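Colleague: Sequence:
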Amino acid sequence: MVDRKSHRSAVPRRVRLWPVGGALLVAALVAACGGGGSAGRIAAQNPDTLTIAVAAPPQSLNPALAGNGDPLIIPVELAYDPLIQLKPDGSLTPGLATKWGYVGSGNKVFELTLRSGVRFSDGSSLTAQGVADYFAYFAKAGGLGASRVQNFEKVAVTGPLSLRITLKSANPELAYMLTPGFAIGNVISPNGLKDPNRLGTSTAGAGQYVLDAGQSVTNQTYVFTPNPHFWNPEAINWKKVVVKVIPDSNAALGAMRAGQVDYMISNTKSADAAKQAGFDVSTWPYLFGHIQLLDRDGTQVKALGDVRVRQALNHAIDRRALVKALFGKYASPSDQILLPGADGHDPSLNGRYGYDPAKAKSLLRQAGYPNGFSLVMAAYNLQPGETDAAQAVAGHWAKIGVNAKIEVPVSISAYTSGLTGRKYQAQMFEYGGLPMYLVADQLLSTGSLFNPFDNSSPEITKLMREGAAADDASRPEIYKRLQKVLVEQAWFVPFASIDKVTVSRPGLQGVTSSPRSPDPNPVYFTAAKG
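Using the working numbering, you'd call the opening residue of the sequence shown number 628 and step up by one each time.
None of these hints come from the bench; they were simulated from the model.
Bear in mind that the values here come from a model prediction, so they are computed numbers and not experimental data.
One should not assume that every hint holds.
Heads up, simulated BS3-like pairs for lysine-lysine below, C-alpha to C-alpha not over 25 Å straight-line [unchecked claim]:
id : residue 1 : residue 2
1  : LYS988    : LYS1111
2  : LYS1032   : LYS951
3  : LYS767    : LYS795
Taking CB as the label site, the calculated pair distances span [said to hold, decoys possible]:
id : residue 1 : residue 2 : range
4  : LYS726    : GLU780    : 15 to 23 Å
5  : ALA670    : PRO967    : 35 to 43 Å
6  : ALA763    : PRO721    : 20 to 28 Å
7  : ASN977    : ALA670    : 42 to 50 Å
8  : LYS866    : PRO1085   : 57 to 65 Å
9  : LEU1076   : SER752    : 34 to 42 Å
Backbone N, C-alpha and C define an ideal beta-carbon position, used for all residues, glycine too.
Make a model of the complete structure from these sequences and hints.
Modeller: Take a look at the structure:
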């Protein structure tokens, strides 16, 4: 694989951490005949090749280091089959594992049964011991998801194809975390684990495709060809899948017009242009936009330690005007850190912080800051347009005397080191529409990347623990109580529920999404081409 570092602007366009995340959807992209109207001006697709445009290169092709969410995880998903798949309707379906579930109550013991006869692209076999070894490597590799595997107290091999995972603390979403977007379930082969340094520029998975290193250029183009050992060969629909890094959405749309790209993850500003150009555009609620007030104890900026100040920052935001200006019809105002429908989302909290600059100024005076204060806010563009959103919020805050200095990290490593080094007291962040457990684990847990000041609250910690151990029926009400505390204590400044936008070539069908899915990646093809 050619290692050619691409030059990126000082404002990176799109890298998603899950995160999450972020990431992911089991989508079927099926080549079919059709396409009418304005689509006739679009160049025809190569029937044997699927080309995907992403706005930023993956951090690594190694699942343990790749991070979560598009575009970080798309190349990984092509080469690594997950333990559990996520269907377009949000339900779970077998992948490398055929059975799974919790044992007893409390969400602390989880068992897996693996699919028999699976071989990795290098010819080695899938075994329970190999999966246990992969988990052990993942926990120590230093990736963004390592802490979640570090919660595995013990991984016991109970048979050639069966494992039992005992957790240190309860986790009601482990099955979901073993789907593609979180990377944890994207198992590396035993041979790959013998030399993990090679995994940054090669693949060693059991997925549908394998990286063609000779045709790939690091940070620019990733070319994949069919895995001859894939356990379900009927699902391989393409002789070649190409992932192109095109940072500018207009350039990516131009490449689609020219027949050089078939599918792209776009943004809300480009959606209408893509429709007018004759492409198929899919949108659905996907992210909640918010400012994380990282220094909630006032360690560096004393003002942030006062709940009245944090509430003032919320009242200073004109959410409706901000949403309309930034996202148009592809978002809606929000006062909470979950999407509608997620466990813990509470419609009664909507409108809790109406736009009221006078009240915001009054709260600042009561807290002893009549002239405002200053803070540093990061905006890395993990999602398209985050820097624009940061500038809009800073403009609102300036009207009440709060000076937010926006810093745009030049790389993902600079961004993460800035967080861990407590360089920022706040950050603009658009996060995926996940269940509350995963949101809380990522944003509220002490020691996590997105809680660098280790803020904690006895009430919040108690509700997090109760929710994690609760059964499915009682968990939503517990998480509603947690959401109410977060809103009342103003730990965040939420402002929008934002749509995901994908663009596909007419005739490329089946790009579907799930409300529970952190990312719509076209990597698991479940139907034959038409």
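Colleague: None of the hints should be skipped; say for each whether it holds.
Modeller: Verification of the hints:
no. : hint                         : verdict
1   : LYS988 x LYS1111             : holds, 24 Å
2   : LYS1032 x LYS951             : holds, 24 Å
3   : LYS767 x LYS795              : holds, 16 Å
4   : LYS726 x GLU780: 15 to 23 Å  : holds, 22 Å
5   : ALA670 x PRO967: 35 to 43 Å  : holds, 39 Å
6   : ALA763 x PRO721: 20 to 28 Å  : holds, 24 Å
7   : ASN977 x ALA670: 42 to 50 Å  : holds, 45 Å
8   : LYS866 x PRO1085: 57 to 65 Å : holds, 58 Å
9   : LEU1076 x SER752: 34 to 42 Å : holds, 35 Å
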